[in-house]
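Trainee: Sequence:
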Amino acid sequence: MPAQKISVFLADDNLIVREGVRALIGTAADMEVVGVASDYDELVAGAERAAPQVVVTDIRMPPTFQREGIEAAKQVRKRHPGTGIVVLSQYDEPDYAIALLSEGAAGYAYLLKDRVADGDQLFR
1 MPAQKISVFL ADDNLIVREG VRALIGTAAD MEVVGVASDY DELVAGAERA APQVVVTDIR
61 MPPTFQREGI EAAKQVRKRH PGTGIVVLSQ YDEPDYAIAL LSEGAAGYAY LLKDRVADGD
121 QLFR
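Residue numbering for the sequence shown follows this note's numbering, beginning at 1 and increasing consecutively.
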(Lines of atoms letter the chains of each structure in order from A; the text may use other names.)
(Lines give C-alpha, C1' and ligand atoms only; values in the text may rest on other atoms or scores of the structure.)
Protein backbone atom coordinates (compact mmCIF):
# COMPACT_ATOMS: atom_id res chain seq x y z
CA MET A 1 0.00 0.00 0.00
CA PRO A 2 1.54 3.35 -1.01
CA ALA A 3 2.22 5.89 1.70
CA GLN A 4 -0.31 8.70 2.01
CA LYS A 5 0.93 11.97 0.56
CA ILE A 6 1.18 15.19 2.54
CA SER A 7 -1.63 17.46 1.36
CA VAL A 8 -0.61 21.05 0.64
CA PHE A 9 -2.75 24.13 -0.01
CA LEU A 10 -0.86 26.89 -1.82
CA ALA A 11 -1.64 30.63 -1.79
CA ASP A 12 0.17 33.43 -3.62
CA ASP A 13 -1.24 36.30 -5.64
CA ASN A 14 1.62 36.08 -8.15
CA LEU A 15 0.69 33.50 -10.80
CA ILE A 16 4.31 32.74 -11.70
CA VAL A 17 5.31 32.15 -8.08
CA ARG A 18 2.16 30.15 -7.34
CA GLU A 19 2.56 27.86 -10.34
CA GLY A 20 6.32 27.59 -9.82
CA VAL A 21 5.89 26.45 -6.23
CA ARG A 22 3.08 24.14 -7.33
CA ALA A 23 5.41 22.54 -9.90
CA LEU A 24 8.18 22.24 -7.31
CA ILE A 25 5.87 20.53 -4.83
CA GLY A 26 4.75 18.26 -7.66
CA THR A 27 8.30 16.88 -7.87
CA ALA A 28 8.12 15.58 -4.30
CA ALA A 29 6.93 11.98 -4.24
CA ASP A 30 5.35 12.37 -0.81
CA MET A 31 3.45 15.65 -1.35
CA GLU A 32 0.48 16.81 -3.40
CA VAL A 33 -1.18 20.18 -3.94
CA VAL A 34 -4.87 19.92 -3.01
CA GLY A 35 -5.81 23.52 -3.75
CA VAL A 36 -4.58 26.97 -4.71
CA ALA A 37 -5.62 30.53 -3.93
CA SER A 38 -4.64 34.01 -5.01
CA ASP A 39 -6.16 36.06 -2.16
CA TYR A 40 -7.26 35.99 1.48
CA ASP A 41 -10.85 34.87 0.88
CA GLU A 42 -9.85 32.07 -1.49
CA LEU A 43 -7.21 30.88 0.98
CA VAL A 44 -9.52 30.75 4.00
CA ALA A 45 -12.41 29.14 2.08
CA GLY A 46 -10.19 26.76 0.11
CA ALA A 47 -8.27 25.56 3.14
CA GLU A 48 -11.57 24.96 4.93
CA ARG A 49 -12.80 22.80 2.04
CA ALA A 50 -9.55 20.95 1.39
CA ALA A 51 -8.44 20.53 5.05
CA PRO A 52 -4.77 20.28 4.04
CA GLN A 53 -2.01 19.12 6.32
CA VAL A 54 0.10 22.13 5.28
CA VAL A 55 -0.65 25.62 3.96
CA VAL A 56 2.08 27.43 2.01
CA THR A 57 1.23 31.12 1.69
CA ASP A 58 2.56 34.50 0.70
CA ILE A 59 2.14 37.38 3.17
CA ARG A 60 0.89 40.25 1.04
CA MET A 61 -2.12 39.36 -1.08
CA PRO A 62 -5.36 41.02 -2.16
CA PRO A 63 -7.44 42.75 -1.10
CA THR A 64 -5.11 45.16 0.78
CA PHE A 65 -1.65 43.67 0.14
CA GLN A 66 -0.75 44.03 3.82
CA ARG A 67 -0.78 40.91 6.03
CA GLU A 68 -3.48 38.75 4.48
CA GLY A 69 -1.30 35.64 4.48
CA ILE A 70 -0.58 35.92 8.19
CA GLU A 71 -4.20 36.62 9.08
CA ALA A 72 -5.42 33.77 6.87
CA ALA A 73 -2.86 31.42 8.43
CA LYS A 74 -4.15 32.31 11.88
CA GLN A 75 -7.74 31.66 10.76
CA VAL A 76 -6.78 28.28 9.31
CA ARG A 77 -4.92 27.31 12.50
CA LYS A 78 -7.84 28.43 14.65
CA ARG A 79 -10.17 26.06 12.80
CA HIS A 80 -7.60 23.31 12.18
CA PRO A 81 -4.90 23.52 14.88
CA GLY A 82 -2.85 20.66 13.42
CA THR A 83 -2.31 22.35 10.06
CA GLY A 84 1.30 23.31 9.40
CA ILE A 85 1.90 26.81 8.03
CA VAL A 86 4.80 27.81 5.78
CA VAL A 87 5.00 31.50 4.91
CA LEU A 88 7.05 32.35 1.83
CA SER A 89 7.85 36.02 1.69
CA GLN A 90 10.03 38.40 -0.24
CA TYR A 91 9.99 40.74 2.77
CA ASP A 92 12.76 40.47 5.34
CA GLU A 93 10.55 42.11 7.98
CA PRO A 94 10.93 40.91 11.58
CA ASP A 95 7.45 42.27 12.37
CA TYR A 96 5.91 39.76 9.96
CA ALA A 97 7.71 36.84 11.57
CA ILE A 98 6.78 38.09 15.05
CA ALA A 99 3.12 38.45 14.05
CA LEU A 100 3.12 34.94 12.61
CA LEU A 101 4.78 33.38 15.64
CA SER A 102 2.92 35.41 18.26
CA GLU A 103 0.68 32.49 19.18
CA GLY A 104 3.53 29.97 19.39
CA ALA A 105 6.11 28.74 16.91
CA ALA A 106 5.08 25.08 16.70
CA GLY A 107 3.88 24.23 13.21
CA TYR A 108 4.96 27.54 11.65
CA ALA A 109 7.84 28.36 9.29
CA TYR A 110 8.85 31.72 7.77
CA LEU A 111 11.01 31.47 4.65
CA LEU A 112 12.34 34.25 2.45
CA LYS A 113 11.71 33.53 -1.23
CA ASP A 114 15.15 34.69 -2.32
CA ARG A 115 16.86 32.38 0.18
CA VAL A 116 15.17 29.14 -0.83
CA ALA A 117 17.92 27.62 -2.97
CA ASP A 118 16.31 24.24 -3.61
CA GLY A 119 13.14 22.28 -3.02
CA ASP A 120 14.52 20.49 0.02
CA GLN A 121 14.53 23.76 1.96
CA LEU A 122 10.82 24.14 1.27
CA PHE A 123 9.99 20.49 1.93
CA ARG A 124 11.73 20.26 5.30
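Note that these hints are calculated values from the structure, not bench results. Incorrect hints may appear among the rest.
Claimed, not checked - Label pairs and their computed distance ranges (CB to CB): (1) Gln4 - Thr27: 31 to 39 Å; (2) Ser102 - Thr64: 14 to 22 Å; (3) Glu19 - Arg49: 30 to 38 Å; (4) Asp92 - Pro62: 32 to 40 Å; (5) Gly107 - Gln4: 16 to 24 Å; (6) Asp95 - Lys5: 28 to 36 Å; (7) Ser102 - His80: 14 to 22 Å; (8) Pro63 - Asp95: 14 to 22 Å; (9) Gly82 - Ala28: 15 to 23 Å; (10) Gly26 - Asp95: 15 to 23 Å; (11) Ala23 - Ala3: 15 to 23 Å; (12) Thr64 - Thr27: 13 to 21 Å; (13) Glu93 - Ala3: 32 to 40 Å.
Claimed, not checked - Calculated lysine to aspartate or glutamate pairs in the EDC-like style (CA-CA distance at most 16 Å, straight line): (14) Lys74 - Asp39; (15) Lys74 - Asp41; (16) Lys78 - Asp30.
The C-beta atom is built at its ideal place from N, Cα and C for all residues, glycine as well.
Trainee: Which earlier hints turn out false for this structure, listed by number in ascending order?
Mentor: Result: hints 1, 3, 4, 10, 12, 16 break, sorted rising.
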